[in-house]
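Undergrad: As a plain string of letters, each chain reads:
There are 2 protein chains.
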Amino acid sequence: MNCSEGIDTRQVDELYINLDPIQAGGRLTTDAMKAVIAYGDGYSVCDNCVKPFRLDHISKPPLAEFHRDLAEFLNMDVARLVPGARRGFQAVAGAIVKPGDPVLLTAYSHYTEFLSVEQSRGMPFEIPADESHVITPDAAADRIEEVIRTTGKTPALMFVEHVDYQYGNLHPVADLTRVAHQYDIPVLCNGAYTVGIMDVKGKELGADFLTGSGHKSMAAPAPSGVLATTDEWADKVFRTTGVKGDLTGRTFGIKEVEMMGCTLMGVTSVGMMASFPHVKRRVKEFDTQVRYANQIVDALLSIEGTKVQSGYPRMHTLTRMNTIDSFDKVAKTHKKRGFFLTSALRERGITGILAGSTRVWKFNSYGINKEQAEHVSKSFIEIAEREGLPLSG
Amino acid sequence: MNCSEGIDTRQVDELYINLDPIQAGGRLTTDAMKAVIAYGDGYSVCDNCVKPFRLDHISKPPLAEFHRDLAEFLNMDVARLVPGARRGFQAVAGAIVKPGDPVLLTAYSHYTEFLSVEQSRGMPFEIPADESHVITPDAAADRIEEVIRTTGKTPALMFVEHVDYQYGNLHPVADLTRVAHQYDIPVLCNGAYTVGIMDVKGKELGADFLTGSGHKSMAAPAPSGVLATTDEWADKVFRTTGVKGDLTGRTFGIKEVEMMGCTLMGVTSVGMMASFPHVKRRVKEFDTQVRYANQIVDALLSIEGTKVQSGYPRMHTLTRMNTIDSFDKVAKTHKKRGFFLTSALRERGITGILAGSTRVWKFNSYGINKEQAEHVSKSFIEIAEREGLPLSG
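Protein sequence lines, in the order shown, are assigned to chains A and B.
Counting in the working numbering, the first sequence runs from 1 upward without gaps.
Counting in the working numbering, the second sequence runs from 394 upward without gaps.
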């Protein structure tokens, strides 16, 4: 079946329990889908754009109110919509990092954080993780000292992951920002896996900048996201244009340089806005989601040889497993090779794990319900049993 | 009626003939709407993303093929999707303009072109328009000479509008690029009002960079657009990351720095792709659309005192009118003041002209049919007659 010339209809989330690591928190709510249909056209939110002509001032649809609510929800002073969290990194690096400036990232920083530093011609330095795959304040302090010693400069910016994409581990952001602030280093907290899923309070974390991803964790279409900051930094990162047409004398009002003016029109902004009431509610119910994730992990751990590489018990639904000594042994002789696992899961209506993975792989169970958690748990055990893998206990 | 908590359903294009200057070319096709519904989720196009893990390499949905087709359609060598034409400007300026570099723009350059120069810390210089509101090669040559003389530097980049947003005039891009190339200045041709509406052949225009807007002229959701370039410039503007995690040794494959990695996932890329077969067809039918625009302009010009400020006869559907000596006279005494015109149009099922405008205003009739062109033309005349304005002829 196709939905348009050469494009198959996508029915992954209609037909399967989807455990894809990056897709789980981005699935649209029904309200977002309705909004997407009503506001499909690009400039649909601009019908009632009046002076001063900027996205965050539009009151119908209520984008102005949404911007204020979003800042409050994130416990920050100012928020702007951006085309993905990465464009938030870019804006902050663009405003703060000068060529040659050292910038701190972590061993788990996303590639787009590195790209934003590269684009600003900064020099990236990683803070290492400890053996439990967590970035500790001591490691941050050591690295700051070392970078200052070797480069002669204080880092211009520090990126920290609230929950990282590799292990889904929660990092001690409040402690990390405390260390950074002792050196007057501003901190960007990347909440791509938390904002919209967990209750994130930017100021309690000490974040100078907080980014969220609409399509990763706020049930919004792509590319969308949010960049929030404090009054201290807003004038810098959201500075308005000061440029002028040298012949015409044109100036460009209050358009913001690092935002490139208005950012998200149509489906992306309205989709985020329509999902927002649901997002506000769902962050309060994250404990239940974590319980389901632990239930699945426990089922997997009951298969002998299986290890969880993420912190355990889980504090987030994104989880990294190691099945080298269980499912991968089966793969060595199975006629489907490494594909037996994802194929067997698919037969049971489960998808989203990287096809062919039997060694180290990730899943994200965010958004499932009780029955689905049970079904996924049982399915892993059934598959192990069918392949003759011993179960513990 | 609302489509979600606090968000009214938008029905502008269902209920009215919409002459909004920026919305006309961005309205979704039915296929784009179907694609948007099927691919609403952010990472929906990433289900089958395999090595080397980049948007333009995904073959299901056929994004790789779409990127190639798009480059060919634009008569350029390489094309990338971007979150709006502005992000194309930003990428090119980021790659080419160094702090303090002079950059040429025109008297009609869009504010986002200025912002991209401001962000790169370049110095903007405008090429003036002639009395018919066209940027001429002579004016460009004069300004280049002057900028070189006064700054001691050759401009790093020149922006030209294919059709500008102020008058909807077509500028002699091929002649302008010829002049710029004599000074080895690369040229970015902004096709926000042409790519997807007119048949734009980048190399015939001599463009080193060609941008298009998905939500302005390619019947795609926002933010979306395209940046195309030649083999000569591709390695520079689409350069791949060279940065490395200094402790982990991580590198980031073939992600492109100025693109910030992958750009448009989900609705935006699939929407563009679904509309593309229609876009390819409709650019061949632009003459008809221009005929309708001229029909409307002629009707307006038959109202005494009315002038067209754009080039006439029209060569594009975006048109700037001056009704200071016709409709604005009525506004002075009408009980609805300046709102009488847009209100009377609305009663006739026509919308999109800035509410309250009776002096200088723009319309864009792109996408209307024969009957609608007649209805709009007749409506202006009827309104003039009802208000006692004299008609010529």
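Honestly, the hints are just simulated from the structure, not real lab data.
Each residue gets a CB set at the ideal place from its N, CA and C atoms; glycine is no exception.
Careful, some of the hints might be misleading.
Unchecked claim - With a straight-line cut-off of 30 Å between C-alpha atoms, the simulated BS3-like cross-links for lysine-lysine are: (1) Lys335/A x Lys763/B; (2) Lys153/A x Lys236/A; (3) Lys153/A x Lys453/B; (4) Lys677/B x Lys722/B; (5) Lys98/A x Lys444/B; (6) Lys700/B x Lys637/B; (7) Lys51/A x Lys673/B; (8) Lys244/A x Lys98/A; (9) Lys546/B x Lys677/B; (10) Lys60/A x Lys729/B; (11) Lys771/B x Lys244/A; (12) Lys491/B x Lys153/A; (13) Lys763/B x Lys453/B; (14) Lys236/A x Lys722/B; (15) Lys280/A x Lys203/A; (16) Lys51/A x Lys728/B; (17) Lys673/B x Lys700/B; (18) Lys725/B x Lys98/A; (19) Lys453/B x Lys244/A; (20) Lys729/B x Lys673/B; (21) Lys444/B x Lys34/A; (22) Lys336/A x Lys427/B; (23) Lys60/A x Lys284/A; (24) Lys378/A x Lys329/A; (25) Lys637/B x Lys335/A; (26) Lys673/B x Lys725/B; (27) Lys491/B x Lys34/A; (28) Lys307/A x Lys729/B; (29) Lys444/B x Lys722/B; (30) Lys546/B x Lys98/A; (31) Lys763/B x Lys332/A.
Said to hold, decoys possible - Covered, in the sense of this in silico footprint (three residues per stretch, anywhere, with C-beta under 8 Å from a C-beta of chain A), are these stretches of chain B: (32) 404-417; (33) 500-508; (34) 512-519; (35) 586-597; (36) 611-623; (37) 648-656; (38) 660-672.
Undergrad: All the hints need checking, so say for each whether the structure fits it.
TA: Structure-based check of all given hints:
{"no.": "1", "hint": "Lys335/A x Lys763/B", "result": "violated, 63 Å"}
{"no.": "2", "hint": "Lys153/A x Lys236/A", "result": "holds, 21 Å"}
{"no.": "3", "hint": "Lys153/A x Lys453/B", "result": "violated, 47 Å"}
{"no.": "4", "hint": "Lys677/B x Lys722/B", "result": "violated, 40 Å"}
{"no.": "5", "hint": "Lys98/A x Lys444/B", "result": "violated, 33 Å"}
{"no.": "6", "hint": "Lys700/B x Lys637/B", "result": "violated, 60 Å"}
{"no.": "7", "hint": "Lys51/A x Lys673/B", "result": "violated, 36 Å"}
{"no.": "8", "hint": "Lys244/A x Lys98/A", "result": "holds, 23 Å"}
{"no.": "9", "hint": "Lys546/B x Lys677/B", "result": "violated, 42 Å"}
{"no.": "10", "hint": "Lys60/A x Lys729/B", "result": "holds, 22 Å"}
{"no.": "11", "hint": "Lys771/B x Lys244/A", "result": "violated, 41 Å"}
{"no.": "12", "hint": "Lys491/B x Lys153/A", "result": "holds, 23 Å"}
{"no.": "13", "hint": "Lys763/B x Lys453/B", "result": "violated, 39 Å"}
{"no.": "14", "hint": "Lys236/A x Lys722/B", "result": "violated, 46 Å"}
{"no.": "15", "hint": "Lys280/A x Lys203/A", "result": "holds, 18 Å"}
{"no.": "16", "hint": "Lys51/A x Lys728/B", "result": "holds, 24 Å"}
{"no.": "17", "hint": "Lys673/B x Lys700/B", "result": "violated, 34 Å"}
{"no.": "18", "hint": "Lys725/B x Lys98/A", "result": "violated, 55 Å"}
{"no.": "19", "hint": "Lys453/B x Lys244/A", "result": "violated, 45 Å"}
{"no.": "20", "hint": "Lys729/B x Lys673/B", "result": "violated, 43 Å"}
{"no.": "21", "hint": "Lys444/B x Lys34/A", "result": "violated, 34 Å"}
{"no.": "22", "hint": "Lys336/A x Lys427/B", "result": "violated, 36 Å"}
{"no.": "23", "hint": "Lys60/A x Lys284/A", "result": "holds, 29 Å"}
{"no.": "24", "hint": "Lys378/A x Lys329/A", "result": "holds, 20 Å"}
{"no.": "25", "hint": "Lys637/B x Lys335/A", "result": "violated, 39 Å"}
{"no.": "26", "hint": "Lys673/B x Lys725/B", "result": "violated, 46 Å"}
{"no.": "27", "hint": "Lys491/B x Lys34/A", "result": "violated, 45 Å"}
{"no.": "28", "hint": "Lys307/A x Lys729/B", "result": "violated, 74 Å"}
{"no.": "29", "hint": "Lys444/B x Lys722/B", "result": "violated, 65 Å"}
{"no.": "30", "hint": "Lys546/B x Lys98/A", "result": "holds, 23 Å"}
{"no.": "31", "hint": "Lys763/B x Lys332/A", "result": "violated, 67 Å"}
{"no.": "32", "hint": "404-417", "result": "holds (count 6)"}
{"no.": "33", "hint": "500-508", "result": "holds (count 6)"}
{"no.": "34", "hint": "512-519", "result": "holds (count 4)"}
{"no.": "35", "hint": "586-597", "result": "violated (count 0)"}
{"no.": "36", "hint": "611-623", "result": "holds (count 5)"}
{"no.": "37", "hint": "648-656", "result": "holds (count 6)"}
{"no.": "38", "hint": "660-672", "result": "holds (count 7)"}
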